[in-house]
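Undergrad: One letter stands for each residue in the lines below.
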Amino acid sequence: MIEFRNVTKTFQTKGQAITAVEKVSLTVEAGDIFGIIGFSGAGKSTLLRLVNLLEKPTEGEVLINDKSLTDYTKKELRQQRRDIGMIFQNFNLFTSRTVAKNIAYPLELAGVAKAEIKHKVEELLRFVGLSDKAKHYPEQLSGGQKQRVGIARALATSPRILICDEATSALDPNTTADILQLIQKVNKELGITVLLITHEMQVIEAICNRVAVMEEGRVIESGTVFDTFTNPQHATTKRFISATEQDLPSAHLLEKWSGSQLYRLIFKGDKASDPLLSQATRKHQVDVNIIYGTVKELQQRFFGNLIVSFEGEEQKIQAVLQELRQAIEVKEVAIA
Amino acid sequence: MKVDWQTFWPRIVEATGQTLTMVIATLIFSTIIGTIIGLTLFATRKGGILENRWVAIILNLGINIIRPIPFVILLVALMPLTRTVVGTTIGTAAAIFPITIAASFVVARVVENNLISIDPGVIEAAEAMGASPLQIIRTVLIPEALGPLVLGLTFVTVSLIDFSAVAGTVGGGGLGHIAMTHGYQRFDTSVIVVTVVILIILVQLAQWLGNTLSSKILRR
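For the record, the sequence lines run as chains Y and U.
Everything in the first sequence is counted per this note's numbering, starting at 1 for the first residue and increasing by one.
Everything in the second sequence is counted per this note's numbering, starting at 1 for the first residue and increasing by one.
One chain only, chain U, in its complex shape (with noise of 0.2 Å):
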């Protein structure tokens, strides 16, 4: 059974604006998890500007645990803990807690690499200038390292809409839904073709949006 396109456009508009609803709320949240996550990472590494070996070490073990996980299978595997916190697994909300997990720790690392380009003497300009270490990740390390950060956030949204049209396969709504539900076990190509196309320009859209932020605040 085919899709009748006439009717059909009004659900795909509905699941685009519930994959942008995934995305962006998945993007906030593991932004700013990640970002601490991040912080501390760099922070309490050795030399750090708040050295702690134990903390370092556990936060490393735990990304570590956490990303090699097919995402596929971490959907699943939190599926009690989404039960507890949105109180359902199906739909959008449900879907934007295990997306915001897997994506923190991917932003955590994001945000420790471009933090670890900085230039060390600028930070340590910073502390010869009596700057606090909250002051210093407030006024320096974020600011010093947001053009590439931009740009890594940029990646990671790429990778947001990618995890979400996962999502949508189990029933998390959006396009990834669309396609499987309507396009593939329906084995209709249009639908598959349409939502591809779409999330390919949002892709596109996503990777401008990112390019001429992160240049604007690189000067270049």
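Next up, chain Y with everything else stripped away, as it sits in the complex (with noise of 0.2 Å):
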């Protein structure tokens, strides 16, 4: 659906070029909520931007239900545009509107008949659940509602695709939380694929099934959530997933535990639900602390990442830990 080939954009500025995109080659299939996640400055905006050609590419080549956006002409790219919704992080609102008058906007560019515009904003009002805002202006609403009338506004002409640029960085946790379900029922009760950026961890495990991590402007790891986000390879993906769950306890308390041998154990799927650590634990007559960890649900599926130790003799552990490495992964946990 959308196609970067090779794509690199370079900035001129003060006679100093600027490569805010870097040889990227990703594809986003129909039907994706694809997340694109980077620490600001990795040119994930400008790489946004090049799919509905705010931004041309320097070199390389972004292809839209495979067909280059470039190769039209101006009114053409217009129309095109239509078709790639758009949603921002500071909302962009016409304050000179009302949020029935934002929502019309687009349709009014395309021409529509007024009688169609104002059946097809009661339908959108109602769709992001805002029925009784629509005379407002945007300074009566909070950030929430902001971004709902947003969003109504980049699904008026019924595109295929959304592009959301840092849609929940302005907004508080809860709200972060509806607007992100509400992208969700975009995707799957109107089948529109979305391509988001963010920096928050969060926004990417809460809705999307397919990720890439941006550095420098190079797409430094991609694939499914899931297995990015368990098996991460990068230091950066690291990072970032380290951000959301905090990969150990503080030294303060892992000081409790200098002297004996820590081990993080890491379930994947149904795996986390199978009673392996305790089944394996009673075979051996061992005894196993749990210190520190989190199961959680990743694209409803389990992943659990546990820091263990156990008591009993050492031969017994070893058993343990050798039955366990057959099914689960298992790491020594080094205290520094």
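Simulated from the structure, these hints should not be mistaken for laboratory data.
None of these values were measured; they are calculated from a predicted model.
From the three backbone atoms N, C-alpha and C, an ideal C-beta is built for every residue, glycine too.
Take these hints with a grain of salt, some might be off.
Chain U is nowhere near these chain Y residues, computed Cβ spacing over 10 Å in every case [unchecked claim]:
1. A17
2. K23
3. N52
4. K67
5. G191
6. Q279
Covered, in the sense of this in silico footprint (three residues per stretch, anywhere, with C-beta under 8 Å from a C-beta of chain Y), are these stretches of chain U [claimed, not checked]:
7. 114-123
8. 134-144
Could you fit the two chains together into a complex? Lean on the hints.
TA: Have a look at this one:
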């Protein structure tokens, strides 16, 4: 649906060339909620703007349904942009227009008849749950409500793609969850492909099925959210993951365990629901002490990450470890 | 020779009418011309929706040449051109031309400054929704900047009242002309006081109207 082919974007500023996006190749399939995560300055915002040609690629091409937008005339390009809805971190609503008029705007541009606009706006207001706010002005709305208007406006021309530029970064955690749910609803109920950029791990975890991690203009890792986050390869990816679930307890707490060997047990998918640990320790008569960890849902699958210590005869502990290693991932934890 | 107020009032009323004519006419003309120049200036600037380096440079240069010229000098310098365009250099109609020229460039800057303060994200959003540059100008730039723009134009209107008084002194008619010929030149302070008071009232009225209108547009 969206394909980046070896795309590079360079900006010329004061005789200096800055490469914002470098040789990126990515494919977003129809029906995906594809997340691009990166720290600020990683080039994700520029990458997103290459999709609707708000930025032109310096090299390579971006294909939407196998067609490059650069092949269109200016007029055709404006037509094509109606097929790509866009929402923004700061909502970018028109302050001179009411909620209903904001949503009507892209339809007015497209020359849709007034009666039809009215009908469509009512339908969209219902979809985003703001029917009672039609005549309000943007400054009378909360951040979450503003983003709902932004989403309704982006959906007005019935696009097949929705691109989201840090859509929840200006919102509090509760509102973020609401907006993410709405984006998910857009994807599931309307069958719209979503490409979003964010610096927040929670956003990716909550709704994305596929993810790409960006750093210094390059995509350093990409794949399904489950694989990428349960088995991160790159240091930056690991940093994003540890931002949501602290990998280790603080040094202060770990002090208590100096002298004993700690292990990290990683359960994925079905393994997380089997009583593996309990069975193995009971069989070899070893005591287990769970010190730290999380078990969570990621893309409708379990993912567990536990720090444990074992108490018992060394030989028996080794036997337990051997048994566990056959089913799950076991790593020794070094205490600094 | 002092004026006889019994017979002089009608002259004052007539002159006030001339001043109002000059101010309203030049406000309309300079708003149209100035808005077009200001929009072009904004649209052609670096990163603008119709970026065009040369147009931007030429317009900026033009404005920066015209604006520092004192209005009295411009008024005189434009006389040959005024004669060609209006047919005469004396009277209210002849004053409208140079005032419009001077005010248009002021309006152009006022418009440009107000457009710069629009959140670029809003313009980007319109672009992303498939708006053409002309649609952006009509449906985004003007409505989004309208509130502060009205305040800016109010400021210009006050300058126009001032311009019209200056134009009056060199034969443009209006309150300025009366103040000069019957007041200053004939040492009649009462005429100067009356005309100045009327000018102050006009300025107050213009400011009140502008404030009311802009707060209505800005909803505050």
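Undergrad: Compare the structure with each hint and give your call.
TA: We went through each hint and held it up to the structure:
1. Chain U leaves Y/A17 outside its interface by the beta-carbon criterion, the shortest separation being 17 Å against a cut-off of 10 Å.
2. Separation of Y/K23 from chain U is adequate, the least Cβ-Cβ distance of about 25 Å exceeding the 10 Å criterion.
3. Its beta-carbon lying about 6 Å from the closest one in chain U, Y/N52 breaks the requirement of being farther than 10 Å from that chain.
4. No beta-carbon of chain U comes within 10 Å of the beta-carbon of Y/K67; the shortest separation is about 16 Å.
5. Every CB of chain U lies more than 10 Å from the CB of Y/G191, the least distance being 21 Å, so the non-interface label holds.
6. Residue placement check: Y/Q279 keeps its beta carbon more than 10 Å from all beta carbons of chain U (closest about 56 Å).
7. Given a C-beta distance limit of less than 8 Å, the hint that chain Y covers the segment 114-123 of chain U holds, as 3 residues qualify and 3 suffice.
8. Counting residues of the segment 134-144 of chain U whose beta carbon lies closer than 8 Å to any beta carbon of chain Y gives 5, which reaches the threshold of three, so the coverage claim holds.
When held up to the earlier numbered hints, the structure conflicts with hint 3 and nothing else.
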